[in-house]
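Asker: One letter stands for each residue in the lines below.
2 protein chains.
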Amino acid sequence: MTEGKFVYFFGDGKAEGRADMKNLLGGKGANLAEMTNLGVPVPAGFTISTEVCTAYYENNKKYPKGLWQQIEENINKIEQVMGAEFGDPDNPLLVSVRSGARISMPGMMDTVLNLGLNDQTVQGLIKQSGSERFSYDSYRRFVQMYSNVVLGIKGEEFEKLLKKKKASRGVKKDTGLDAAALKEVVAEYKALVKDETGQDFPDDPKQQLDKAIGAVFESWNTERAIQYRKINNIPGHWGTAVNVQSMVFGNLGDDSGTGVAFTRDPATGERVFFGEYLLNAQGEDVVAGIRTPHPINKAQKKGNSHLSSLEEEMPEVYQELESIYQRLEQHYADMQDIEFTIQKGKLYLLQTRTGKRTAASAIKIAVDMVNEGLIDKHTAILRVEPQQLDQLLHPTIDPEAKLDIIAKGLPASPGAAVGQVVFTAEHAVKEAERDKKVILVRTETSPEDIAGMHAAKGILTSRGGMTSHAAVVARGMGKCCVAGCGAISVDEAAKKFTVGNVTVSEGDYITLNGSTGEVILGKAQLVEPELSDDFATLMSWVDEVRTLKVRTNADTPEDSQVAIGFGAEGIGLCRTEHMFFGEDRLPTVRRMIMANNKEERLIALKGLLPMQKGDFKEIFKVMKDLPVTIRLLDPPLHEFLPKKEDLDKDPGLSAEDKKTILKKAASLHEVNPMLGHRGCRLGITYPEIYEMQVQAIFEAACELAQEGYTIIPEVMIPLVGHIEELRFTKKSAVKVAEEVMQRCGVNLEYQIGTMIEVPRAALTADEIATEAEFFSFGTNDLTQMTFGFSRDDAGVFLPAYVEKGILPDDPFISIDQNGVGQLVEMAVKKGRASRPNLKFGICGEHGGDPKSVEFCHRIGLTYVSCSPYRVPIARLAAAHAVLKEN
Amino acid sequence: MTEGKFVYFFGDGKAEGRADMKNLLGGKGANLAEMTNLGVPVPAGFTISTEVCTAYYENNKKYPKGLWQQIEENINKIEQVMGAEFGDPDNPLLVSVRSGARISMPGMMDTVLNLGLNDQTVQGLIKQSGSERFSYDSYRRFVQMYSNVVLGIKGEEFEKLLKKKKASRGVKKDTGLDAAALKEVVAEYKALVKDETGQDFPDDPKQQLDKAIGAVFESWNTERAIQYRKINNIPGHWGTAVNVQSMVFGNLGDDSGTGVAFTRDPATGERVFFGEYLLNAQGEDVVAGIRTPHPINKAQKKGNSHLSSLEEEMPEVYQELESIYQRLEQHYADMQDIEFTIQKGKLYLLQTRTGKRTAASAIKIAVDMVNEGLIDKHTAILRVEPQQLDQLLHPTIDPEAKLDIIAKGLPASPGAAVGQVVFTAEHAVKEAERDKKVILVRTETSPEDIAGMHAAKGILTSRGGMTSHAAVVARGMGKCCVAGCGAISVDEAAKKFTVGNVTVSEGDYITLNGSTGEVILGKAQLVEPELSDDFATLMSWVDEVRTLKVRTNADTPEDSQVAIGFGAEGIGLCRTEHMFFGEDRLPTVRRMIMANNKEERLIALKGLLPMQKGDFKEIFKVMKDLPVTIRLLDPPLHEFLPKKEDLDKDPGLSAEDKKTILKKAASLHEVNPMLGHRGCRLGITYPEIYEMQVQAIFEAACELAQEGYTIIPEVMIPLVGHIEELRFTKKSAVKVAEEVMQRCGVNLEYQIGTMIEVPRAALTADEIATEAEFFSFGTNDLTQMTFGFSRDDAGVFLPAYVEKGILPDDPFISIDQNGVGQLVEMAVKKGRASRPNLKFGICGEHGGDPKSVEFCHRIGLTYVSCSPYRVPIARLAAAHAVLKEN
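These protein sequences, in sequence, are chains S and W.
Per our numbering, residue 49 is the first one in the first sequence, and the count goes up by one each step.
Per our numbering, residue 49 is the first one in the second sequence, and the count goes up by one each step.
Worth flagging that the hints you see were computed from the coordinates, not collected in a lab.
Quick caveat, the model's predicted, so the values are computed rather than measured.
Any given hint might turn out to be false.
Because identical chains share one entry, a pair is satisfied inside a single copy or across any pair of copies.
Stated by the list, open to error - Okay, derived cross-link-like pairs now, BS3-like style, lysine-lysine, Cα gap no bigger than 25 Å in a straight line: (1) Lys125 with Lys456; (2) Lys109 with Lys208; (3) Lys878 with Lys597; (4) Lys712 with Lys692; (5) Lys691 with Lys712; (6) Lys692 with Lys711; (7) Lys571 with Lys543; (8) Lys711 with Lys691; (9) Lys278 with Lys878; (10) Lys887 with Lys211; (11) Lys779 with Lys238; (12) Lys392 with Lys346; (13) Lys706 with Lys692.
This is chain S alone, in the form it adopts within the complex (with noise of 0.2 Å):
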């Protein structure tokens, strides 16, 4: 590059780039042109294009000939739109400097504020704002910004001296040096730079933009600039652009001020015009807390009658801000997050975004602004994130119910959760596996506990903020979770805790309320979310749009029930292991597991079989004509068994019984139960097992068929990694099927499919497709062998593989898809290679996160299924995948 345009004004009205040239421009500098041409009132300023910061680069890190002569012509131009002027003592125009890339990367690079600062323009400053001491202070803060961005010099070393001075000072904070005590600052900062540097601290305005703008270019190369852009897939040859803008105070007496506003309500989604602002003040002093800010408008007032609006202080203004604001949310279609100075009366837009949003807000602004004619329904889809919706899915607790609130903690996570406490991890996975719902209390938790905190309906811990491990673990699982609850005191060893003189024991029930931090006794009512019209109506569209189906796992009645409710279309996993755990069957299952031969095994599953076909009716009358996949038994038996404590407490058992029970226990021990004897290996080892299960499924689907249901069985042999294990237990099941009908006189259409969680099984999909008239990917396990992770143990290095990069998300939470997903997908195309019609399933809980969802939508699979709470975080997902394919 020699010669050009490199610069490109904005300002007064009119700017020379537009929204559309973020390539050149990035996307503050773009953004800046559209505000300007928009017609909204944005301090003058410039950028340099992105193509000069790779000239920089390409030309031994020199500025391209003529870029300077821009420069100043611009400079000139802010001067006339400004009335101010670079160096004038007495009225200087300061400015910012700032980077602005194509793409967004927050922190990564380096500002200078009020530069043009020296001691003769903060004459001209103390003059315009009149006052010494916020001149000094901003004066100060340009030396020390400028040092450390330009010249190199640490922070710290910055700090020191002001902490010296106040030392000096007698005084404990900033804001206690008076403008004398700052102004001495300065000439110490000053002095440290002519230490450090050997230089003096350059004065000459006109220099200080110089470097500042070969600081911004150098600043994207730092080796945590590269860093990100790697892990972010940002090509280095973008370059970042260079923004010079006029500074604007809001300070500057009661005819300024500065705020913030949101074009719509962010909570609720209204639309009403909603802010806060100060008179006399800077952006900080608003979100700082310090001073109280008033309500934007009238509107607002509510509660806080006596504190004046903007809409009464300065009506000239506020109609400006108004109109302005119709304005962006019209050009951009979309709600709007602004902030706003005003200057001796002057009003000035700093900066329009999209404005953040409650999961309600998105739903209610989606909806209102395709009713308002603004957006199309396909936009209003893409307007709500599907992980967001969580927030509005989780049951609450019923506001009649009268609580016995025994203590409060944070508000870590919301929604509301009851269980039965239990004190390890370890212990929450277990009861968890036996259908029981329990709450996790631990002093705090660690990465450790983090397959016991999924387990639990809900966390409890007496320490920790709002950011400790739990809390923070929580919200990414979605659950309920109360944190630094210090009333509470926790004795893991005993197994209880105390709150005053309460003492809540293992296995004693509580309920939390995550969205208020209340620790209640026993089992509170809940009452599940009511979900808005507006909900609805943004649920139709995207069933519309989704071409991916939607089922659910569900294992009883009730949580078919819910799922229905948010829209499942099937059950895609019912796990019939859980059905064992029930009290009533415990006893039989195990009479079961310590049969000697198959004579007495087959006693014992005589009687599971009513047990179970009644389980599958319950299941089947609630889905009515949905399809239903039932898995058979998956589990290794020894999860049936008691452990040894708990035999300890049980009378009805003699010292030979345990024994017996104890020496079966140990016979079924296996080194890695996950790779063990489980799943369709069991049904291979003792078929009479699967047998009654198929048995059950068909009796209760022909019972329900000859009462006029519709019930299409779907069964699926778990673990299956070789085409003759699917062939072997196929073969039974088709025989005991058929018997069934026949006996019954009732002819079903039905299934049999398999898991594909295993790789191999992905790895010979083609031969198994043969076989299998369905695949439902279990995702759990198969990411377990694919990396060869065990989910029970990774919680000891996963977290340090995410923290270190190794890992970009957590492999269990979003699939994998350069590994786990490339195996699911060979197996798609195998499998249709072989049978063009097979249907193809995720039934792992990767099949309710929206990023897996998008991915199993892009691979071709027929459904997905997920828990009955993620069932529209699903659905919404689905019909993303579709509109961003597009």
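Dock chain W against chain S, hints included.
Answerer: The following block gives chain W in isolation, referenced to the frame of chain S:
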């Protein structure tokens, strides 16, 4: 098929078929034709082609038109050649009717002998044989066989009648029945047939023949045969041929006889004609062991000089036999196993086939035949089965050693082993991990013991025979075993066994001789196997042919030395953890594990550094300029901590110490250690461990380099599943390596590579190859994860899997080419695409399995690595792979 040639005659030196007509005539028919054409006297007969079988099934189980006429014509030809007539009461022609498919299907299809007998022709047989008893016995057997094969009457019905007859005559054995009794039996058999079928037993020989041919066709489609074909991939449309051949008898007087012979000695391979015969006897008499067979020639008489040889008894017949054997060996260019019968002075060859032989014999014959110009080197190589070499490569007990033999059991699996006694499989595994040599002693073994049997050097059981679980499995593993040693009394609970007044306790040394069944107290001196010059010659040809390199898995200088002796071309896997189990290291290793922080850990690691360095130096010295691949620490740390039982025994530990150790052990406990905190996961959480190991490797290499050695260290990172894991650990390894080399002033060639043992590593091999300089497939773990089989636990179901035909082989013995192999092949392709000069090896136990070695060659690996004693097996298998692909 309407009309054509259905039947192919052979006899009297002329046959219509040839050896290359197997598809049409089946294996047996083609061979009989070939022998006839060679001028070998074969009893005349004819073959009905496989096309007839196909036509039979296509034509609704009817013979094609014209078949019977051709059969009658050929019967006439036989009659002329043999000088006997079908149905002639004076000199009857008797025939056998046998199936014969393209590929031998042993035991799958039926045979009828002595066809042509009835109440008239039996008189002719009496006349010819001079024995009424023999003739009625033949008649009885014919009726039973025919009724069973052709008429479908169960054999046991006939056995009942025979039993009854013996009871009535007061004799116990069949041979106790005289001619009269047997005649009665024939009548009773026929009455049974009438009873069962409502029809008389067919007396007409032609009717007998007609039905027998149909029965052979039918036997092609029995359930059993279909199953066999399915397992062996034999298409059903191939069909079977039917061979009708005249019977000859070796028991028609002292001018008749029968025998078997080998064209060379099957035990030693020596070029001598070697065989046994009996005069006036049937084939079964030779093998039944009731009469002692005579040597075939004078050369063989040796110790049995009182037995007359065929050479002496019938010199002309012997001369003819000698000329025939030479012709056959010359023609087939391989050692033959022949069966002959002399009927009234006339020699008939009944069969010739490739003779089975020992490994030593196979090698000698192959090398001799090359020297004789009979075969070329490539054929010689293919004549020795790689697996067979195992017999030759095991150590044996020094014949000079004085032995304290305390018991003798069955010589169940050859070789010798010395080790400390353990009584449980689990204990065997644990001790082996600590590099201890153990002998597993059990009352009997079961599938649960597999891992322990694998870990032990030898196995001793007090119960079970040559086909007991212990014997079969040990032979499969090529592991020394003495089974069924009833003299010893095993008390597994008390951890001891007794024999007479000797008590052997856990930890005591014993020696087993698996070739003699001897159990020896103490450590006997073992000697390495001595290999013949022929072996060396053959292996030199092997090395000319093969392209796949063969390395060894060795962790000690001793093992490395053995492997070099066997032709290893480097170390493919040197496991460093085995070095940690040494008695002098374990305390330091434990200190490292118990460390509360990095500082304490570094102190312990500093103590380990010189030990590790010493280990590597010793191994490098043995391997000289051959490459050595060293795997950094792999197992989970808890494996190095003592168990509670062991702790209690240690008097040096305070109660407090024990508590601390147990607490640490508990904190390191894992649910699925196989998928837990091990391999590079340790190297990432505790980088200092790998840093110490890399330092030790490079200090050792540099110091030896200074002494003039050429060391090429290859550092291998285990359990990588994600490119970032390798990037992280490689970076730190390179840093340490470069530091050491700089410090020592030495510049070594070295490589850093990775195990591919996690499915995800294979799936993302293209990414991983950007960092890895070599791949070594750890197919043990890869098999575990790809199947989801824990090797430690699969013993419960894997035997049932192989038995039920769900898996063709144990995938831990022979690589699963479809699944695991697919991943390996994928990784090779992807890896090579990223880095064309990438080196590929395999270091799982499959590296010593011939089938797996051939697979490795086919997919283009650079080398296989296996245990020292399997190196020659792998070399030979690699040569086979080359020769088979041409």
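Asker: Hint by hint, say whether it matches the structure.
Answerer: Against the structure, the hints:
1. In this homomeric assembly, Lys125 and Lys456 never come within 25 Å of each other (Cα to Cα): the closest approach is 59 Å inside a single copy and 108 Å across copies.
2. Proximity of Lys109 and Lys208 under a CA criterion of 25 Å is satisfied in neither setting, with 33 Å inside one chain copy and 106 Å between copies.
3. With identical chains, the CA atoms of Lys878 and Lys597 are at most 25 Å apart within one copy only, with a shortest distance of 21 Å there and 34 Å across copies.
4. In this homomeric assembly, Lys712 and Lys692 come within 25 Å of each other (Cα to Cα) both inside a single copy, at 12 Å, and across copies, at 22 Å.
5. When the C-alpha separation of Lys691 and Lys712 is checked against a cutoff of 25 Å, the pair qualifies both within a copy, at 12 Å, and between copies, at 22 Å.
6. In this homomeric assembly, Lys692 and Lys711 come within 25 Å of each other (Cα to Cα) both inside a single copy, at 11 Å, and across copies, at 20 Å.
7. Proximity of Lys571 and Lys543 under a CA criterion of 25 Å is satisfied intra-copy only: 19 Å inside one chain copy versus 55 Å between copies.
8. Taking the shortest Cα distances, Lys711 and Lys691 sit within 25 Å of each other both inside one copy (12 Å) and across copies (20 Å).
9. For a Cα distance limit of 25 Å, the shortest separation of Lys278 from Lys878 across copies, 23 Å, qualifies, whereas the shortest one inside one copy, 34 Å, does not.
10. In this homomeric assembly, Lys887 and Lys211 never come within 25 Å of each other (Cα to Cα): the closest approach is 69 Å inside a single copy and 61 Å across copies.
11. When the C-alpha separation of Lys779 and Lys238 is checked against a cutoff of 25 Å, the pair qualifies neither within a copy, at 87 Å, nor between copies, at 42 Å.
12. In this homomeric assembly, Lys392 and Lys346 come within 25 Å of each other (Cα to Cα) only inside a single copy, at 23 Å, whereas the closest approach across copies is 131 Å.
13. Taking the closest pair of Cα atoms, Lys706 and Lys692 come within 25 Å of each other both inside a single copy (8 Å) and across two copies (23 Å).
The structure is inconsistent with the numbered hints 1, 2, 10, 11, although it conforms to all the rest.
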